[in-house]
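A.B. asks: Read top to bottom, the protein sequences are chains A and B.
Residues in the first sequence are numbered from 1396 upward in steps of one, following our numbering.
Residues in the second sequence are numbered from 237 upward in steps of one, following our numbering.
Since the hints were derived computationally from the structure, they do not count as laboratory data.
There's no promise every hint is true.
Straight-line alpha carbon distances no greater than 30 Å define the calculated DSSO-like cross-link-like pairs of lysine-lysine that follow [as the list claims (entries may be wrong)]: (1) 1494(A) x 1437(A); (2) 250(B) x 1451(A); (3) 307(B) x 1451(A); (4) 245(B) x 293(B); (5) 1462(A) x 1451(A); (6) 1437(A) x 1451(A); (7) 307(B) x 293(B); (8) 1462(A) x 245(B); (9) 307(B) x 1462(A); (10) 250(B) x 293(B); (11) 293(B) x 1494(A); (12) 307(B) x 1437(A); (13) 245(B) x 1494(A); (14) 1437(A) x 250(B).
To give an idea of the chain A side of the interface with chain B (calculated C-beta under 10 Å), a few residues [what the hints assert, rightly or not]: (15) 1413; (16) 1421; (17) 1431; (18) 1433; (19) 1436; (20) 1438; (21) 1439; (22) 1455; (23) 1456; (24) 1460; (25) 1483; (26) 1485; (27) 1498.
Just so you know, even glycine gets a beta-carbon here, dropped at the ideal spot from N, CA and C.
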Amino acid sequence: QKEVEQNSGPLSVPEGAIASLNCTYSDRGSQSFFWYRQYSGKSPELIMFIYSNGDKEDGRFTAQLNKASQYVSLLIRDSQPSDSATYLCAVNPPGTASKLTFGTGTRLQVTL
Amino acid sequence: NAGVTQTPKFQVLKTGQSMTLQCAQDMNHNSMYWYRQDPGMGLRLIYYSASEGTTDKGEVPNGYNVSRLNKREFSLRLESAAPSQTSVYFCASSEPGSYGYTFGSGTRLTVV
């Protein structure tokens, strides 16, 4: 079982719709969760992090964490073509200091 | 504000050649990391340095060595390159317990 699992996609949503990206993780003791966006040929950039159960909102982005279900998601409201990218979920497992384990990413396509 | 700077951006090596990938950060971060990114495999940790003078193996350290030269610089060396080391390499830095990594722009390495 992979430590961090994501559907590779592509996830295709029309412009203006809500995109929902999902991630599950295997280590129940994980405390920190991150979402990175990576455009093709570029490096990952941090867009959200979440530590506590529940929702965290930042502009059009909402991260949701459910530790009991070992599930973290990213919602993108009012999706724009510029949101088309690969979204990487990353988890900080316990006992690993600040090291992150990454999922393989979900490719999002926002269509006109 | 440069953030994390990696050199070179592109490199082609012949099997058996050696090279060093350079990474420097100007954010006064203690922790630095080297990851490789391959299609379908996601980002995998090669080596990690929690602070100046310390290094630790990650998930895929074989064939690589690292040096944490000072707080700013963390280099990755391939002693005898192999085609399996063809990949995109990312350096990153962070503060322990912080809000995620800052990545460099990456090095695209091809070994023929």
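A.B. asks: Each hint: holds or not?
C.D. replies: For each hint, the structure was consulted:
no. : hint              : in the structure
1   : 1494(A) x 1437(A) : holds (21 Å)
2   : 250(B) x 1451(A)  : violated (48 Å)
3   : 307(B) x 1451(A)  : violated (33 Å)
4   : 245(B) x 293(B)   : holds (24 Å)
5   : 1462(A) x 1451(A) : holds (14 Å)
6   : 1437(A) x 1451(A) : holds (26 Å)
7   : 307(B) x 293(B)   : holds (18 Å)
8   : 1462(A) x 245(B)  : violated (39 Å)
9   : 307(B) x 1462(A)  : violated (35 Å)
10  : 250(B) x 293(B)   : holds (25 Å)
11  : 293(B) x 1494(A)  : holds (11 Å)
12  : 307(B) x 1437(A)  : holds (25 Å)
13  : 245(B) x 1494(A)  : holds (24 Å)
14  : 1437(A) x 250(B)  : holds (25 Å)
15  : 1413              : violated (24 Å)
16  : 1421              : violated (14 Å)
17  : 1431              : holds (8 Å)
18  : 1433              : holds (9 Å)
19  : 1436              : holds (9 Å)
20  : 1438              : holds (4 Å)
21  : 1439              : holds (5 Å)
22  : 1455              : violated (19 Å)
23  : 1456              : violated (14 Å)
24  : 1460              : violated (15 Å)
25  : 1483              : holds (7 Å)
26  : 1485              : holds (7 Å)
27  : 1498              : holds (6 Å)
Of the hints listed earlier, those the structure fails to meet are numbers 2, 3, 8, 9, 15, 16, 22, 23, 24, in rising order.
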